[in-house]
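J.: Chains A and B are the protein sequences, given in the same order.
Those letters in the first sequence? Residues 1 to 116, per our numbering, in order.
Those letters in the second sequence? Residues 1 to 116, per our numbering, in order.
By construction, these hints were calculated from the structure, which means they are not laboratory data.
Glycine included, every Cβ here is placed at the ideal spot set by N, Cα and C.
A few of these clues could be false.
[What the hints assert, rightly or not] From chain B, some residues computed to sit far from chain A (all C-beta separations above 10 angstroms):
| id | residue |
| --- | --- |
| 1 | Q14 |
| 2 | Y37 |
| 3 | G43 |
| 4 | G52 |
| 5 | T104 |
[Stated by the list, open to error] What the simulated footprint calls covered on chain A by chain B, stretch by stretch (three residues with Cβ under 8 angstroms from a Cβ of chain B suffice, anywhere in the stretch; the number is not a length):
| id | region |
| --- | --- |
| 6 | 22-31 |
| 7 | 99-106 |
Here's the letter readout for the chains.
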Amino acid sequence: EAGVTQFPSHSVIEKGQTVTLRCDPISGHDNLYWYRRVMGKEIKFLLHFVKESKQDESGMPNNRFLAERTGGTYSTLKVQPAELEDSGVYFCASSQVDREYTGELFFGEGSRLTVL
Amino acid sequence: AQKITQTQPGMFVQEKEAVTLDCTYDTSDPSYGLFWYKQPSSGEMIFLIYQGSYDQQNATEGRYSLNFQKARKSANLVISASQLGDSAMYFCAMRAWGTGGFKTIFGAGTRLFVKA
C-alpha cells in the first residue's frame, strides 16, 4: 500500500512568487491534514479536510494560503505571494474517518519550502 | 487553549540505557488521546504509541512505554534499551475531541542522540 506522498520535496523560490504543494493521501483516507514546521518550533496545524470539505481551517495563517482537495482525493496548498516567514517544512497527513478519535496520522515526508 | 509542551530541546543517552522524554499537555476536554511520533533524519513521521485519556493502564509498544499521569497532565515517553537507530526527533501530540475538534496538535519536539 502506497503511503502519503508529497511533491515537491524541496522548493526554493523568491519572495513574491507562487508555490503549489501537492499531497496524495493514502487511498481510502478521507481525513487529510496540512501542517507546517518552522525550524525549531512546533508542528503547527494548518487545516483539515474531510473528503473535499474543509472541516477546520483555523490554522491557516492568512489569505495568501489556499488549500483545495479536488474530488476528495489529492490536495494542493498554494502560497501566493510567498513571504520570507512562509519558509518551513509543510507536512501532509491522512487518516481514516472511522478512526478519527484514536487513530494515528500517516504522514508524508514533507515539502521543504525556502523563500529567499 | 490546548497546548503541548516539550521542554527538552535535546537529550543524550548511552546505548542500551533507558531514556525518558518529557511531555506535558493542556486541555479542558475530558476526552483526548496522546500520541508520540518519531522523525528520523530521513524526514518521515512514524507513529510510536497512543494513550487514551480514559485508559487505566499505561500504554506500551515494544521498547516504548508512555508514562501517563493524568492529574499532572504529563505523558512522558520512555524508551528502554536505547539503540543507535533511536536517534531522531520525537514529537508529543494530542487530539481532543470536544472543543478541540479532530485536529492533532504537536509539541516542538525533542532531539534524541544515542551514543555508542
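J.: Once the closest CB in chain A is found, is it more than 10 angstroms from Q14/B?
T.: With a cut-off of 10 angstroms, Q14/B remains clear of chain A, as the shortest Cβ separation is near 26 angstroms.
J.: Is it correct that the beta-carbon of G52/B has no partner in chain A closer than or equal to 10 angstroms?
T.: violated (6 angstroms)
J.: Confirm or reject: G43/B is not an interface residue toward chain A, with every Cβ-Cβ distance exceeding 10 angstroms.
T.: Per Cβ check, G43/B is inside 10 angstroms of chain A; nearest 4 angstroms; violated.
J.: Was T104/B rightly flagged as not at the interface, with every chain A Cβ beyond 10 angstroms?
T.: violated (6 angstroms)
J.: Against chain A, does Y37/B hold up as non-interface, every C-beta pair farther apart than 10 angstroms?
T.: violated (8 angstroms)
J.: When I compare C-beta atoms, does the region 22-31 of chain A have three or more residues closer than 8 angstroms to chain B?
T.: It is violated: at least three residues are needed, and the region 22-31 of chain A offers just 1 whose Cβ sits closer than 8 angstroms to chain B.
J.: For the region 99-106 of chain A, do at least 3 residues have a Cβ located nearer than 8 angstroms to some Cβ of chain B?
T.: It holds, with 6 qualifying residues against the three required.
The structure fails to meet hints 2, 3, 4, 5, 6 from the earlier list, while all remaining hints are met.
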